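The hints should help you fit chain B onto chain A, whose structure is shown.
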Amino acid sequence: MVARADAPATLLIAPTGGGKTMAGFLPTLAELADGRHTGLHTLYVSPLKALAADIKRNLRTPVDEIGLPIRIEDRTGDTSATQKKRQRADPPHILLTTPESLALLTSYEDAPRMFAGLQRVVVDEIHALAESKRGDQLMLALARLQSLCPGLRRVGLSATVEDPAAIAQLLAHHPDPCEILMADPGPDPNIAMLETAEAPPWSGGGAAYAIPAVLEQVRQHKTTLIFHNTRAQAEIFFHNLWLANDEGLPIGIHHGSLDRQRRERVEAAMVRGELRAIVCTGSLDLGIDWGDVDLVIQIGAPKNVKRLVQRIGRANHRYNAPSKALLVPANRFEVVECVAALEAARAHDLDGEPRGPGPRDVLCQHILIAACAGPFDADALYAEMTGAGPYADLERVEFDACLDFCATGGYALRAYDRWQRLQQRPDGLWQLRDPRSAQRIRMNIGTIQDTDTLKVRMRRNRGGKPLGEIEEGFAASLSPGDTFLIGGQVVRYEGLREMVVEVSRERGRKPKIATFMGTKFATSTQLSARILDMLQQKDWPQLPRHTADWLALQRRMSRLPQRGRLLIESFPHDGRECVCVYGFAGRNAQQTLGLLLTKRMEETGLHPMGFVATDYATLIWGLDAPTDPRPLFDIDALRDGLDTWLAGNAVMKRTFRASATIAGLIERNTGGQRKSGRQATFSSDILYDTLLKYDPDHLLMRITRAEAMRGLVDFGRIEEMIARVGARIDLVRVGRVTPLAAPLFLEVGKVPVKGAAEERLLAEESDRLLAEAGLVGIGA
Amino acid sequence: MSGYSFDLYGAGLTALGSGALWWPERQALCVSDLHLGKSERIARRGGAALPPYETRDTLARLASDLDRTGARTVICLGDSFDDPLAMQALPRQDRLWISTLQAGRRWIWIEGNHDPGPVDLSGTHLAELSLGPLQFRHIAAAEAKGEVSGHYHPKVRLRLRGRALQRPAFLLDRDRLILPAYGTYTGGLFCDRPPLADLIGDPGLAILTGAQPRAVPMPRS
Chain A
1 MVARADAPAT LLIAPTGGGK TMAGFLPTLA ELADGRHTGL HTLYVSPLKA LAADIKRNLR
61 TPVDEIGLPI RIEDRTGDTS ATQKKRQRAD PPHILLTTPE SLALLTSYED APRMFAGLQR
121 VVVDEIHALA ESKRGDQLML ALARLQSLCP GLRRVGLSAT VEDPAAIAQL LAHHPDPCEI
181 LMADPGPDPN IAMLETAEAP PWSGGGAAYA IPAVLEQVRQ HKTTLIFHNT RAQAEIFFHN
241 LWLANDEGLP IGIHHGSLDR QRRERVEAAM VRGELRAIVC TGSLDLGIDW GDVDLVIQIG
301 APKNVKRLVQ RIGRANHRYN APSKALLVPA NRFEVVECVA ALEAARAHDL DGEPRGPGPR
361 DVLCQHILIA ACAGPFDADA LYAEMTGAGP YADLERVEFD ACLDFCATGG YALRAYDRWQ
421 RLQQRPDGLW QLRDPRSAQR IRMNIGTIQD TDTLKVRMRR NRGGKPLGEI EEGFAASLSP
481 GDTFLIGGQV VRYEGLREMV VEVSRERGRK PKIATFMGTK FATSTQLSAR ILDMLQQKDW
541 PQLPRHTADW LALQRRMSRL PQRGRLLIES FPHDGRECVC VYGFAGRNAQ QTLGLLLTKR
601 MEETGLHPMG FVATDYATLI WGLDAPTDPR PLFDIDALRD GLDTWLAGNA VMKRTFRASA
661 TIAGLIERNT GGQRKSGRQA TFSSDILYDT LLKYDPDHLL MRITRAEAMR GLVDFGRIEE
721 MIARVGARID LVRVGRVTPL AAPLFLEVGK VPVKGAAEER LLAEESDRLL AEAGLVGIGA
Chain B
1 MSGYSFDLYG AGLTALGSGA LWWPERQALC VSDLHLGKSE RIARRGGAAL PPYETRDTLA
61 RLASDLDRTG ARTVICLGDS FDDPLAMQAL PRQDRLWIST LQAGRRWIWI EGNHDPGPVD
121 LSGTHLAELS LGPLQFRHIA AAEAKGEVSG HYHPKVRLRL RGRALQRPAF LLDRDRLILP
181 AYGTYTGGLF CDRPPLADLI GDPGLAILTG AQPRAVPMPR S
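Protein chains in written order, with UniProt numbering: chain A, 1 to 780; chain B, 1 to 221.
So that you can see chain A by itself, here it is in the shape it has in the complex (with noise of 0.2 angstroms):
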């Protein structure tokens, strides 16, 4: 790293751990040694609050030994604000920071004479922040650092990829060229499917079957991670493994839910090698040294090769000795998809997904940072944002309609004459017209989204002990007495104050299941083929024969999805007929096709009342079964179709909302607007159907449909699908649920369909309780 320092960016892949982050540090602590630098000289970016605190302790460490007069300082949203007064006026040397924390500060009006001096920039864990906006967003600010720095260079730190020159182009200024080292991958991992006495279920996401298997390995290992895929999953486990845990062992938990006290004692137990396990979910996926991991257990399957392999670079990465991890399928579908996942694994055969252009959304709050930095000059800030990776093919046109929707909100009707959010002065410049409205922008900088979610904390007098939080949503659903899991401990649903979820312990219950977004991966289009080419398989040999037993009972009631066809069953089901449809395109193309199906099933009267799509299949209930929902399938009519009534579906109001608020059409919903009373804000929705129905193709209409085409909506692979299936459509009708489909009743994230169906029970549930409670005829 030393030898390329003068380089204006480097890129440096390596395996997970493998000391890589201190290497980024090296030519920084060798500039910086002579003492002569004021100011700010390098900074450090991160996609964790937990990793820049994580990196300053073990940076302060060789500093302070070799006595390098080096001032050393974090700001994320955990810093004071007091701190980061005082880091504005006089930066340390090494500034460690987050993409939101970096863009904020480049809002503020001082930031050329705060970032004056700044020499180098290090990008950890690059890899992750490419997959998100959080990456266009970062390569945003360090074009706007650029400028103010000319000589500015780049580091970025990358676990194993499939595609490094795709993450260099990301991080580089363009055009500058970006040389990519790679660092020696070790030796191969040791990855294995755990062995338990019990088989897994036919359905469910909790592995409790395999509890004892996973105490054992524990008690045999000095610290063993356990991965979840969401961080409902991880709660339940965490309260089995608990209840199981006779010795004692100790073991925490670790989402991103939790309240953060409880998060950041966790982590410290952790460094301090006292606890044996942490059950935990991608929180902990990205680099924090968690101490001596000898063990790295993944529950549920993989969904993606490229994860797996990085979760299992945390085990013996300080060691230089093969990485060792097990995999623990939930339910005997994901037998088969870890089995496929493990052999990817050990045919370094990784899966990816090309990154599309820069997103747009993020280009307009990157316009709005600007101006609440000072006036600019729109022909130099376009020239400035071309020099951002994800940005250099931005043509000019797009940055106008960008910069005509952050002045004028960009509507054919142009009604905001007078109060432009943005004006040109008679210089030229732009500028803020009410300067109050770069405290609203500042407020509203990032692009995670976060769903609506309510702390929970324990009652007491006055302020009991935090929790964590859970969905609105699901809160709502409770009523006083409910038992939910939170932090692994089963509460009692109180009641609601002030916006605040209050609980009492309660031992002892069956608790009801907290649901959390979390993300939910997609499984990759080369692990979904692996699959699928497992499936046609005579035999499986390479499976446990309960999973090869349940496999061959598919086969017989019904038949086993084969590459270039269709399988579609139809049975009926708790009162309801469902139909499903093994596509195998990934959760947000089956998810898709949930939305054109249902659209042709309420056509036909079917009365469809939800659907919900996993990796390999949609389901979809109602209230009538398809006598012969062949017709259904005709793809020419679900390709016409997608247009006209793809705009009114829940998915595009979702994407609409992620990118309105990004975008600052959207304020993000803060608890004190919540509590200050509802009535006064209203659902995004709202601005949805208004633009639909007077100005469908304005700019952020059009960023929602580019943006649900490549992300939620996913046409691309229903396309490849079709394709690939053409007539060849089998249909089986089945007396009750098939082995394949059982474990779709389980899923999470079942979607509405707001037909006739609705208005149809809505009528059922009226005359009921009008009926029940003596109501028929009140008012008089």
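Since the hints were derived computationally from the structure, they do not count as laboratory data.
A few of these clues could be false.
[To be verified] Calculated cross-link-like contacts (lysine to any residue; reagent style SDA-like; alpha-carbon spacing at most 20 angstroms):
no., chain 1, residue 1, chain 2, residue 2
1, A, LYS56, A, THR76
2, A, LYS653, A, MET701
3, A, LYS693, B, ARG193
4, A, LYS84, A, ARG440
5, A, LYS693, B, LYS145
6, A, LYS56, A, ARG86
7, A, LYS693, A, ARG657
8, A, LYS455, B, ARG193
9, A, LYS653, A, MET709
10, A, LYS538, A, ARG555
11, A, LYS84, A, PRO62
12, A, LYS693, B, ALA211
13, B, LYS145, B, GLY10
14, B, LYS145, B, LEU158
15, A, LYS84, A, ARG555
16, A, LYS693, B, ALA60
17, A, LYS693, B, GLN93
18, A, LYS455, A, PRO466
19, A, LYS538, A, ALA552
20, A, LYS455, A, THR386
21, A, LYS653, B, LEU165
22, A, LYS693, B, ASP57
23, A, LYS653, A, LYS693
24, A, LYS84, A, ALA373
25, B, LYS145, B, LEU129
26, A, LYS653, A, TYR694
27, A, LYS324, A, ALA213
28, A, LYS455, A, PRO426
29, A, LYS222, A, ALA192
30, A, LYS693, B, SER64
31, A, LYS693, B, ARG61
32, A, LYS85, A, ASN58
33, A, LYS324, A, ASP188
34, A, LYS465, A, THR483
35, A, LYS693, B, GLY210
36, A, LYS653, B, GLY187
37, A, LYS693, B, ARG56
Owing to the predicted nature of the structure, the values given are computational and were not obtained by experimental measurement.
Chain B alone, transformed into the frame defined by chain A:
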């Protein structure tokens, strides 16, 4: 006409699915909380520039209700404008549209907390209106009898075979009726939250808006 009909202090009323109240005997249509000009007010105060179409959307729905009822009297139950400046800043074509709707009708603007003071549009401006057995005012008064009010933007949340549904709703007990907000850019307050939960006595009824308005016993927490 599709609606939910009921009696309040001897007046036969119909809750329309749009959120408007129809009183056939008096040929009167009552709408509450139009919040016209809301997007203008938000932008003026340094907020985001929301799609500036809510006024025409609200007026279009009102025009459609006037058309199908043939109302002779219109009662706007307060918060018709998001604030007095928003009323003054109303685009010319929207003012013209309002005048067109007013032609040949008795039009009453009841004042609300967002739009106190006189309205610079034709029509009668009142703090409250007494019509037959009913009292029309913006904010419900304690102990009132035969009262029709708005202000709270009531909405209702139901669970239907595991499906959550929420809609703006009329709230009704023996003494009073509270109207949902009619304006396009309006949110709502759940009827089980104070003060709505306390204003509506037992037995209380919630009439949900929608294609076909439906009544349920008012949910309480």
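Checking one constraint from the list: CA of LYS324 (chain A) to CA of ALA213 (chain A), max 20 angstroms. Satisfied? holds (16 angstroms)
Would the pair LYS84 (chain A) and ALA373 (chain A) pass a check requiring their Cα atoms to be no farther apart than 20 angstroms? holds (17 angstroms)
Can the restraint linking LYS56 (chain A) and ARG86 (chain A) be considered satisfied, given a maximum Cα separation of 20 angstroms? holds (18 angstroms)
Checking one constraint from the list: CA of LYS693 (chain A) to CA of ALA211 (chain B), max 20 angstroms. Satisfied? Satisfied, since the Cα-Cα distance of roughly 19 angstroms is no more than 20 angstroms.
Agreement of LYS145 (chain B) and LEU158 (chain B) with the hint, judged by alpha carbon distance not exceeding 20 angstroms: Status violated; Cα separation ~28 angstroms.
Between LYS653 (chain A) and LYS693 (chain A), is the straight-line Cα distance small enough, at 20 angstroms or below? Measuring from Cα to Cα gives roughly 14 angstroms; hence the hint holds.
Assess, step by step, whether the Cα of LYS693 (chain A) is no farther than 20 angstroms from the Cα of ALA60 (chain B), and give holds or violated. It holds: about 12 angstroms lies between the C-alpha atoms, which stays within 20 angstroms.
Does LEU129 (chain B) sit within 20 angstroms of LYS145 (chain B), going by the straight-line distance between their CA atoms? Given that 20 angstroms is the threshold and the Cα spacing comes to 14 angstroms, the pair holds.
Quick one, are LYS693 (chain A) and ARG56 (chain B) close enough, alpha carbons at most 20 angstroms? holds (11 angstroms)
Within a Cα-Cα threshold of 20 angstroms, do LYS324 (chain A) and ASP188 (chain A) meet the stated pairing? The hint holds at about 10 angstroms.
Satisfaction of hint between ASP57 (chain B) and LYS693 (chain A), Cα-Cα up to 20 angstroms: Holds: LYS693 (chain A) and ASP57 (chain B) sit about 9 angstroms apart, inside 20 angstroms.
Given the hinted pair LYS56 (chain A) and THR76 (chain A), is their Cα-Cα distance within 20 angstroms? Status holds; Cα separation ~12 angstroms.
Violated hints, listed in ascending order, are 3, 5, 11, 14, 15, 20, 28 and 32; each of the other numbered hints is respected by the structure.
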